[in-house]
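Got chain A; can you put chains B, C and D on it based on the hints?
Protein sequence lines, in the order shown, are assigned to chains A, B, C and D.
In my numbering, each residue's number is its place in the first sequence (first place is 1) plus 5.
In my numbering, each residue's number is its place in the second sequence (first place is 1) plus 5.
In my numbering, each residue's number is its place in the third sequence (first place is 1) plus 114.
In my numbering, each residue's number is its place in the fourth sequence (first place is 1) plus 114.
The reader is advised that the hints may include incorrect statements.
Anything over 12 Å on all C-beta distances counts as not near chain C; from chain D, calculated [what the hints assert, rightly or not]:
id: 1; residue: I118
id: 2; residue: D156
id: 3; residue: P164
id: 4; residue: G165
id: 5; residue: E168
id: 6; residue: E172
id: 7; residue: R173
id: 8; residue: E180
id: 9; residue: R235
id: 10; residue: R238
id: 11; residue: G239
id: 12; residue: D241
Stretch-level coverage of chain D by chain C, calculated; a stretch enters the list once three of its residues show a Cβ under 8 Å from a Cβ in chain C [to be verified]:
id: 13; stretch: 142-148
id: 14; stretch: 206-219
Computed list of chain D residues with no C-beta within reach of chain A, every gap over 10 Å [unchecked claim]:
id: 15; residue: R133
id: 16; residue: D153
id: 17; residue: G154
Read the hints as simulated data drawn from the structure, not as lab findings.
Predicted model only: the values in this text are computed from it and were never measured.
Beta carbons are placed, not taken as given, at the ideal position from N, Cα and C, and that holds for glycine.
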Amino acid sequence: MTLTILYFAWVRERIGQAEETVTLPEHVVTVGDLVAWLATRGGGYAEAMAEPERLRAAVDQTFVGLDAAIGNAREVAIFPPVTGG
Amino acid sequence: MTLTILYFAWVRERIGQAEETVTLPEHVVTVGDLVAWLATRGGGYAEAMAEPERLRAAVDQTFVGLDAAIGNAREVAIFPPVTGG
Amino acid sequence: MIRILVSVAQIDLAEEMARIEGQDVGAVASFCGLVRADDGVDCLELEHYPGATEAALERIAQEAAERWSLQAATIVHRVGPMRPGERIVLVLAAAPHRRDALDACAYLIDRLKTDAPFWKRETRGQDARWVEARDSDTAAAERWTS
Amino acid sequence: MIRILVSVAQIDLAEEMARIEGQDVGAVASFCGLVRADDGVDCLELEHYPGATEAALERIAQEAAERWSLQAATIVHRVGPMRPGERIVLVLAAAPHRRDALDACAYLIDRLKTDAPFWKRETRGQDARWVEARDSDTAAAERWTS
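Only chain A is shown next, with the shape it has when bound in the complex:
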């Protein structure tokens, strides 16, 4: 299954790109699994995903906890806590 992943703010900066499309391995079920899997890529990925408690996520543009299932989502976004306004 292919999934578009979006990165924002310092997550985007550390990874060095804003968006990519990946094929998920079968063992990646939740957003937390995705974060852990991305971390194994090393380099900027490892740096961006080093502290999962500092990350927030959205699945198909709905904000979720890291324990949320990815299911058949087309888009997952990973980003720091928001700071607008």
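Using the frame of chain A, we list chains B, C and D on its own:
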């Protein structure tokens, strides 16, 4: 002793003037006394002062209760509860 | 940083905002009250107590400045006749942080409603009447005294 | 009566106010957040999540409209680079009565702070850093859930 009295809103309308200068009789000590004394003038005065509980006052531009003393004030204002904003 | 204006002129929101924003502020909360067009009022007339009005508004703004960390407080109140859709009152509170600005803004308008000598007269066709004070305004002002 | 705008353009307060005031409203409360000029920031850059941002703001405004008796709710948020003194965000809430307008305005900005996907990056000279989320913002948003 002479005193300037200001009237606002429906108090002014009933009395038919916005301001007058009066010489106070000795028994008029408080604002409430003043209201009662004005009421004895009859006509628009009696009408304006008929319900003291609907009146508010200021002595030398400081808001006070009707039991406040007039003292050596130069100006007393009598008016309905305020409705600005 | 306190600005009080009681005038027959229309209230210029953009100008008042520009005065405040020129002072390096972080957050500006405002409240604007307008003549309602939808309840049959043709004309609203505001009477006030010259001198005492400005002093009362100044006092309200000073009290807000003592209570919150403000960079600016503005109260502009129109007097005289005005028409539906026109602004009656504008209050602005500016602060480094939003909570101070928001709370001070609410305080300014709540206190103004009960503590400043203005009186409203509404005209609907041939019928003119003085607006009655509302208990809810007194209650709103009193919640700041607790 | 809900208006959401996320744009790189400067925020035009007078225009947004005029849109709302044209709807026969009685009370308009607003909040405006600005880039502080006094803490050494040369440039503030706002990143957002296109699509999700607008949906989040729409949802916040809808929730305010369900909770209070509103005539209008506007949220305008700027994105991209901006300079000290410029407006970052403007929220407006209009209602027949002031309490609804004031409370809804505070709600809109409190919720926006925690529930809309924006990220701020400050530049001071050569130093750029992403602004950290504040616990006080979470607390402010949570007081509306009680």
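Discussion item. Tell me the numbers of any earlier hints that the structure contravenes, in ascending order.
Written reply: none
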